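In this text, residue positions in the sequence shown follow the numbering used here: the first is 1, and each later residue adds one.
Rather than coming from a laboratory, the hints here were simulated on the basis of the structure.
As the structure is a prediction and not an experimental result, all values here were calculated from the model.
From the three backbone atoms N, C-alpha and C, an ideal C-beta is built for every residue, glycine too.
Check each hint, because a few of them may be wrong.
Said to hold, decoys possible - Derived DEER-like restraints, expressed as beta-carbon distance ranges:
id, residue 1, residue 2, range
1, Ile585, Ala693, 29 to 39 Å
2, Thr164, Glu204, 41 to 51 Å
3, Gly741, His663, 40 to 50 Å
4, Met734, Phe684, 46 to 56 Å
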Amino acid sequence: MVASKRTVTRRSTRRAGVGGSNDEPDIYRQMLAEAGEKPQSPLDDKRHLNQSETGEQEGGQAQEDEDEDEELEFQDVILPNPTVQTLERDSDEEDSDDDEDLHFEDVDFVNWLNDTKGKAPEIAELELNLTAQQSSTTPTKRPGERRKPITKEEKDRRIAIHKTHLLCLLSHVARRNHWCNDHKVQESLRPHLTDKTVHYLNPESHLPQFGQAESLKNGLKQAADVWKSKFEIKERGLRRALWAEDVEQLKDYEPLVDMDSCLDRADFREAAGKLQGSRDVGAQLYCALLRSAGVRARLVCSLQPLSCVGGPILPKPKGQSRMTTSPKKDNSRDLLAMYEATAENTTASSPAGPTVRRRLGHPHATAYNFKPAASLPSSRKTFDVPVRIRESPYPVYWVEVLDVGHQKWQPADAVVLHSFWRPKVFEPPITDKENSLCYVVAMEADGTAKDVTRRYAKAYTAKTRKLRVESVLDDGDAWWRKVMKFFGRPRPTDLDQIEVNELAGAEAREPMPRNVQDFKDHPVYALERHLRRHEVLVPGATPSGTVGAGSRGPLEKIYRRKDVRIARSAAKWYRLGREVKPAEIPAKWLPKKASVKRSRLGSPENAEAEAEEQAGTPVYTHDQTEAYEPPPVRNGRVPKNKFGNIEVYVPSMVPRGAVHIVHELAARAALTLGIDYAPALTGFQFRGRQGTAVLHGIVVAAEFDEAVRAVMAGLGDAEQEAADERRRLGVLMMWRRLLMGLRIRERIWGGVDEEERKEAERQAEMEAGLGDATSDTTEEFDMVYEEDGEGGGFMME
Numbered sequence: 001m002v003a004s005k006r007t008v009t010r011r012s013t014r015r016a017g018v019g020g021s022n023d024e025p026d027i028y029r030q031m032l033a034e035a036g037e038k039p040q041s042p043l044d045d046k047r048h049l050n051q052s053e054t055g056e057q058e059g060g061q062a063q064e065d066e067d068e069d070e071e072l073e074f075q076d077v078i079l080p081n082p083t084v085q086t087l088e089r090d091s092d093e094e095d096s097d098d099d100e101d102l103h104f105e106d107v108d109f110v111n112w113l114n115d116t117k118g119k120a121p122e123i124a125e126l127e128l129n130l131t132a133q134q135s136s137t138t139p140t141k142r143p144g145e146r147r148k149p150i151t152k153e154e155k156d157r158r159i160a161i162h163k164t165h166l167l168c169l170l171s172h173v174a175r176r177n178h179w180c181n182d183h184k185v186q187e188s189l190r191p192h193l194t195d196k197t198v199h200y201l202n203p204e205s206h207l208p209q210f211g212q213a214e215s216l217k218n219g220l221k222q223a224a225d226v227w228k229s230k231f232e233i234k235e236r237g238l239r240r241a242l243w244a245e246d247v248e249q250l251k252d253y254e255p256l257v258d259m260d261s262c263l264d265r266a267d268f269r270e271a272a273g274k275l276q277g278s279r280d281v282g283a284q285l286y287c288a289l290l291r292s293a294g295v296r297a298r299l300v301c302s303l304q305p306l307s308c309v310g311g312p313i314l315p316k317p318k319g320q321s322r323m324t325t326s327p328k329k330d331n332s333r334d335l336l337a338m339y340e341a342t343a344e345n346t347t348a349s350s351p352a353g354p355t356v357r358r359r360l361g362h363p364h365a366t367a368y369n370f371k372p373a374a375s376l377p378s379s380r381k382t383f384d385v386p387v388r389i390r391e392s393p394y395p396v397y398w399v400e401v402l403d404v405g406h407q408k409w410q411p412a413d414a415v416v417l418h419s420f421w422r423p424k425v426f427e428p429p430i431t432d433k434e435n436s437l438c439y440v441v442a443m444e445a446d447g448t449a450k451d452v453t454r455r456y457a458k459a460y461t462a463k464t465r466k467l468r469v470e471s472v473l474d475d476g477d478a479w480w481r482k483v484m485k486f487f488g489r490p491r492p493t494d495l496d497q498i499e500v501n502e503l504a505g506a507e508a509r510e511p512m513p514r515n516v517q518d519f520k521d522h523p524v525y526a527l528e529r530h531l532r533r534h535e536v537l538v539p540g541a542t543p544s545g546t547v548g549a550g551s552r553g554p555l556e557k558i559y560r561r562k563d564v565r566i567a568r569s570a571a572k573w574y575r576l577g578r579e580v581k582p583a584e585i586p587a588k589w590l591p592k593k594a595s596v597k598r599s600r601l602g603s604p605e606n607a608e609a610e611a612e613e614q615a616g617t618p619v620y621t622h623d624q625t626e627a628y629e630p631p632p633v634r635n636g637r638v639p640k641n642k643f644g645n646i647e648v649y650v651p652s653m654v655p656r657g658a659v660h661i662v663h664e665l666a667a668r669a670a671l672t673l674g675i676d677y678a679p680a681l682t683g684f685q686f687r688g689r690q691g692t693a694v695l696h697g698i699v700v701a702a703e704f705d706e707a708v709r710a711v712m713a714g715l716g717d718a719e720q721e722a723a724d725e726r727r728r729l730g731v732l733m734m735w736r737r738l739l740m741g742l743r744i745r746e747r748i749w750g751g752v753d754e755e756e757r758k759e760a761e762r763q764a765e766m767e768a769g770l771g772d773a774t775s776d777t778t779e780e781f782d783m784v785y786e787e788d789g790e791g792g793g794f795m796m797e
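Please model the complete structure; the sequences and the hints are all you need to start from.
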């Protein structure tokens, strides 16, 4: 293709303006001179002619253009190998869609293209498979990935971890609250406040309530403005803890590099001097700043523990989404060297600007060999990129200050929300994966703490309570009160009583839920659809309102939780010491459970399932039952069932005229006396699907109570004497063995000299390795007794 000729088709018609001039513009001639082209004279190029002369001149001009085109020769220009850039996205676990931190990587596609030019295309056979096409186009419905339900053991384990995590977080908050009282930290922060601001923060007592509150607000606003301008967030604070579905997810998990680095008191003091750190440290230092000014401030923390049972999970690690070559470093070096060599050659061959004719659009510009000059890399001044941390828009730490005029604690946040006196703006939405408001604890300077979650939760009973330990355990509320009692005062003050009444009133004033899901397990309201298997409504229950299940769903009635009753079967009521009244209509019929598997012999595995009717199991409420009265004892005979025992599930099931004696020797004593008794069946111990009867004590007639107890005492004494006798015989046997050993030793060494005996004993000790061992004998063996003395109370021989 080098120096090849080709004919160029040119336009024979040119636009001409009437009354135009044939002179070329000066700027045009100057640019042609710069390009090294001789400018044409105005007589050679007549473009503006009259209408009658256009035919003859166009013919001549076309012939001249053809002659010029034949003389043109074109040459291939060797351009530098193009450098193709691919886009690499650096995504992290916080924001996979962050397109700001983009890195470019050089990938060599030119060498690959050169390698593939010499290869002939392979001939492949075309195969047509209509079955495969039909199967691929047919839409198949595949069930989505469902989360595996957790087992009871896993649920108990998560609840235990939730409790432990809560205790650890409380300890963490208590330590940070103690750091806020550090005098060095307060001394370094106190100069940031002016005397005027301190005066506003400590209103005078003679001011009215409104004046004191306004003075405190002004002081907080001024302190917040100072803190906003001086404190800089450089690190990431506390975030919500998430569960991992698989242990493999935690093997390659690495903590974030910008986590909070304030780990001890020295780091906290350093952060107070630099005024840099996470937003949690900023809130803690702001609390220390207010305390240094004499304000009674509490450090408030929204604990972020692992959820009790459900909740969001840790995202799965994504696959390798970056386009990288295997020899990344070597390939980048080769491309850089090739680019530098090409740039040097291009710069040496064409020092001047080669794009003048191209800009002009000259018809002969393509006849020349232009080599574009390599653009030198522009030197830019590198600036520090500002740290950008993506966190929840709601804080985890903030401060509460005491409004002395109204005797009320008010929230103040000078780091994230910059709000005051607005407690309801601190709760994040339920869709926030970084922050969850479930436990809010406020700690004062003296270390006492209080649970103030109800102050900040908009729907504590309907939503927030479901995230706490009280919703998963029956004694969860008692456990949490016991934990907070450790951080409470021994004697509550008047201010504490006012706050308790305030929080209780906020919970009582909570409005009725607006959606169906919030009514589930609600302690005040209930829907009929959310009633459990053993729960029924009382007859004549009055609804308190209605709620719609969607835009097209019917309205459902809302009932009070106090109108819900627990219904049980007759067998369960009997185990509670009650029986169903005669002619009572069941409050509800429970649907029949799945058929019970039968053994090879044909007997059911569960005895209760065999007794269930085909229609289901009838259940009754407490009002439909009465206390069970067993048959009384007659003539010293205890009534028994077909198994020979008596059922005593509760103390009220003991027959009239009988007594329940709980002792391991009770049955033996009654058998010794020859009186009638019955083993007491107090319950069943279930293992799997089978239950084993638990017998605990006996039931005898009341007139035999003293006799049975006396015999039990006698049997106990006899057993004690037998045990003492066995112990005495064992001691005598050991003494006998010791004395026999001493006699044998004395008989062996009886005729041996004293020195030889000591030498043999010393030799035996050396062989046994006891020569250098310390003696275990006491000082009494080395004491010297006087002959006339009494020997310390012992007779001397």
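Structure-based check of all given hints:
no. : hint                        : verdict
1   : Ile585 x Ala693: 29 to 39 Å : holds (33 Å)
2   : Thr164 x Glu204: 41 to 51 Å : holds (48 Å)
3   : Gly741 x His663: 40 to 50 Å : holds (45 Å)
4   : Met734 x Phe684: 46 to 56 Å : holds (47 Å)
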